[in-house]
Amino acid sequence: QKEVEQNSGPLSVPEGAIASLNCTYSDRGSQSFFWYRQYSGKSPELIMFIYSNGDKEDGRFTAQLNKASQYVSLLIRDSQPSDSATYLCAVNMGGGTNAGKSTFGDGTTLTVKP
Amino acid sequence: DGGITQSPKYLFRKEGQNVTLSCEQNLNHDAMYWYRQDPGQGLRLIYYSQIVNDFQKGDIAEGYSVSREKKESFPLTVTSAQKNPTAFYLCASTPDRRASGNTIYFGEGSWLTVV
Chain P
37 QKEVEQNSGP LSVPEGAIAS LNCTYSDRGS QSFFWYRQYS GKSPELIMFI YSNGDKEDGR
97 FTAQLNKASQ YVSLLIRDSQ PSDSATYLCA VNMGGGTNAG KSTFGDGTTL TVKP
Chain B
6 DGGITQSPKY LFRKEGQNVT LSCEQNLNHD AMYWYRQDPG QGLRLIYYSQ IVNDFQKGDI
66 AEGYSVSREK KESFPLTVTS AQKNPTAFYL CASTPDRRAS GNTIYFGEGS WLTVV
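One line per chain: the protein sequences are P and B, in this order.
Position one of the first sequence corresponds to residue 37 (my numbering), numbered consecutively onward.
Position one of the second sequence corresponds to residue 6 (my numbering), numbered consecutively onward.
Hints are not guaranteed to be accurate.
[As the list claims (entries may be wrong)] Below, simulated DSSO-like cross-link-like pairs (lysine-lysine); rule was C-alpha separation at most 30 Å, straight line:
1. 62/B / 103/P
2. 103/P / 92/P
3. 14/B / 78/P
4. 62/B / 88/B
Derived from the structure by calculation, the hints contain no laboratory data.
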């Protein structure tokens with residue numbers, strides 16, 4: 037079992053719809069959770085981070101974290117064609133010698149159709 | 006502007022050759038990382054360094070070497086022992102080596118192809 041798993045995709049939604057991206061992780065000691073967007077051939081860029089259980093909203097993006105279920109999700113409301121990219125979930129395993137080390141999922145490719 | 010500069014952007018390696026990818030950051034970040042990304046896959050950690058003159062192996066360190074002689078610089082050498090080096094290489098940094106909630110800042114990446 038991979039440490040961080042994402043729904044394999046690809047995911048296709050019509051413009052204006054809600055896109056839902058999911059991620060599960062295996063290490064219960066995980067402390068920080070990140071969503072990155074990566075356009076083809078480019079480096080990842082941070083979309084959202086979340087540390088506490090519950091929802092965190094930033095514009096059209098909402099991150100949801102449930103540590104009991106070891107689950108983190110990203111909702112994109114009013115999806116736009118420019119949101120078409122691969123979304124990477126990353127989990128940080130904590131402080132000490134692991135501080136800053138993050139484990140990434142394989143990504144989910146989202147296509148938003150006009 | 007502050008950021009992470011990787012060079013070269015594209016590099017071709019012949020069989021049996023060592024190549025070095027450069028990574029420089031002017032963000033004054035403590036920790037630096039090298040990740041490898043294969044097509045359709047996520048990022049895998051090669052090496053990381055939390056402080057000058059110290060570095061640790063990541064998940065796929067075999068066939069790679071690094072150095073951290075200066076805070077700003079973290080070059081990665083892909084040695085001839087790395088049998089399948091064709092990939093997209095990403096250098097990254099985080100501000101505080103002690104914190105778990107660090108945002109990762111990425112360079113623009115280097116494409117390495119074996120010819």
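Consistency of the hints with the structure:
The hinted pair formed by residue 62/B and residue 103/P meets the criterion: a straight-line CA distance of about 28 Å does not exceed 30 Å. Restraint check for residue 103/P and residue 92/P: the C-alpha separation of about 14 Å stays at or below 30 Å, so the hint holds. A distance of roughly 11 Å separates the Cα atoms of residue 14/B and residue 78/P; the hinted pair therefore holds under the 30 Å criterion. This hinted pair checks out: residue 62/B and residue 88/B have alpha carbons roughly 18 Å apart, not beyond 30 Å.
Of the numbered hints given earlier, the model fails none.
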